[in-house]
Amino acid sequence: MIQDDEGTRPQLVHVQRIRGPSAISQLFRHSFGSLFKPSPTKALDMHRRDYRAVADAHEFVSRNYRTGDQVILVAHQAYYGDRVIKAMEIFAGHLYDGTTPGEPTRAQPEAAKSAPGMRIPIHAVVAIWLASSMESKSSLSDQLKSRFPAAIERVICCKESDSDFWSCSTVFDLDGGIVSREVELSHRDRRFGLLTTGHR
Numbered sequence: 001m002i003q004d005d006e007g008t009r010p011q012l013v014h015v016q017r018i019r020g021p022s023a024i025s026q027l028f029r030h031s032f033g034s035l036f037k038p039s040p041t042k043a044l045d046m047h048r049r050d051y052r053a054v055a056d057a058h059e060f061v062s063r064n065y066r067t068g069d070q071v072i073l074v075a076h077q078a079y080y081g082d083r084v085i086k087a088m089e090i091f092a093g094h095l096y097d098g099t100t101p102g103e104p105t106r107a108q109p110e111a112a113k114s115a116p117g118m119r120i121p122i123h124a125v126v127a128i129w130l131a132s133s134m135e136s137k138s139s140l141s142d143q144l145k146s147r148f149p150a151a152i153e154r155v156i157c158c159k160e161s162d163s164d165f166w167s168c169s170t171v172f173d174l175d176g177g178i179v180s181r182e183v184e185l186s187h188r189d190r191r192f193g194l195l196t197t198g199h200r
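If you read the sequence shown in my numbering, its first letter stands for residue 1, the second for the next number, and so on.
Please keep in mind that the hints were generated in silico from the structure rather than gathered at the bench.
Model, not experiment: these values are computed from the prediction.
Do not rely on the hints blindly, as some may be mistaken.
What follows is a set of in silico ranges between Cβ atoms, one per label pair, in the way DEER data are often shown [said to hold, decoys possible]:
(1) F60 / S138: 18 to 24 Å
(2) D142 / R17: 23 to 29 Å
(3) M118 / R17: 24 to 30 Å
For glycine and all other residues, C-beta sits at the position ideal for the given N, C-alpha and C.
With the hints as constraints, model all of the structure from the sequences given.
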């Protein structure tokens, strides 16, 4: 990790891609919906690739993390179902529990001595969708929060398209209660914002 002359640690960014299905597979999925399922061999191959991506991201964070750093996980969810968010969920579990991919995601007392890494706190998780349902913004935020460790301070959900954009940023206290929630909507040239505080 490089420091400048003033001792400031720079922001480090690691990009890990989750490969999606082929164009033909996407066409069948969009045409036939839940009737289309990948073959067991392809499903296993996708699972292995996803887990390799988690392992690579974990190696980067573990190698570069220093006490006091703010770790922010960002998932850019395109058209691959829930795979990207699921991979981020597994990754967060390993960071929070002090385990590495290939070990149990929940650290056991007897395994604590053999765990090679320490627990790494997560400051925020961000999920960006290119498309999403018309669910409540706060509902999507709460659903995302429920999938990650309770100690995460901030959850941000965003949805973007050619014509509009919305985001929901929620700050939590140490007990998981909501400290504040800010929603921003943008449709073409118009922008709207709403801030609520002290919400429980």
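Each hint tested on the structure:
F60 and S138 have their C-beta atoms about 32 Å apart, which leaves the hinted 18 to 24 Å range violated. Separated by about 28 Å at the C-beta atoms, D142 and R17 satisfy the suggested range of 23 to 29 Å. Distance hint for M118 and R17: a CB-CB separation of about 27 Å, consistent with the stated range 24 to 30 Å.
In summary, the one numbered hint that this structure violates is 1.
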